[in-house]
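With chain A's structure known, arrange chain B on it following the hints.
Number of protein chains: 2
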Amino acid sequence: MMNEAFKALSDPTRRKILRLLRSGDLTAGEIAGHFSLTKPSISHHLNVLKQARLVLDERRGQQIVYSLNTTVLQDVMGWLLDVIGSGEKKGDKSNE
Amino acid sequence: MMNEAFKALSDPTRRKILRLLRSGDLTAGEIAGHFSLTKPSISHHLNVLKQARLVLDERRGQQIVYSLNTTVLQDVMGWLLDVIGSGEKKGDKSNE
Chain A
1 MMNEAFKALS DPTRRKILRL LRSGDLTAGE IAGHFSLTKP SISHHLNVLK
51 QARLVLDERR GQQIVYSLNT TVLQDVMGWL LDVIGSGEKK GDKSNE
Chain B
1 MMNEAFKALS DPTRRKILRL LRSGDLTAGE IAGHFSLTKP SISHHLNVLK
51 QARLVLDERR GQQIVYSLNT TVLQDVMGWL LDVIGSGEKK GDKSNE
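Protein sequence lines, in the order shown, are assigned to chains A and B. With the first letter of the first sequence counted as 1, position 22 gets the number 22 in my numbering; the numbers rise by one all the way through. With the first letter of the second sequence counted as 1, position 4 gets the number 4 in my numbering; the numbers rise by one all the way through.
Hint data in this document are derived by calculation from the structure and do not stem from the laboratory. Each hint can be trusted.
Since the list gives no way to pick one copy over another, a pair counts as held whenever it fits inside one copy or between any two copies.
Pairs of lysine-lysine residues, derived as DSS-like cross-links and limited to a Cα-Cα distance of at most 30 Å, are as follows: (1) 7 x 50; (2) 50 x 39; (3) 16 x 50; (4) 7 x 39.
If we strip away everything but chain A, and leave its shape as in the complex, we get (with noise of 0.2 Å):
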């Protein structure tokens, strides 16, 4: 699971798809859009990061909406934090 997750998220197309995302659930014409990329190409990155969870994919009529999953995410996050260790510290010393 966290695995993939690195996997998909060591792509920068793929990491520019999450943040488009972060703002609201959007079509993969939408998604098309914002890149310089052919569709069979951000079809094939969407599916990476679905395969990794890290979005979700729903059929609305005719067309399939995409939307950031953060769970994964947060278990990513979860892991560096545990890793960084002091950067939690920091965290509280900054709102004391």
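What follows is chain B alone, placed relative to chain A:
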């Protein structure tokens, strides 16, 4: 930079090495002691982590000592926080 970091993090052995280094600096031999992998294999993983700037290596006498470099991990976490978005807000609320 981010691409290499995420790629390096996609391997469970490498993630475990980073967790080990959280508690303090270690030599390659000490790291290898935690795995049932060959030393060349551990060397390879350490090299990938070094290329991704997730670890630093320093010669101390006869030995090379590895330490965690949290700079890139902080960048990765910054990106994740930015995408998750509400994660940051949740953190703030828990202190109210």
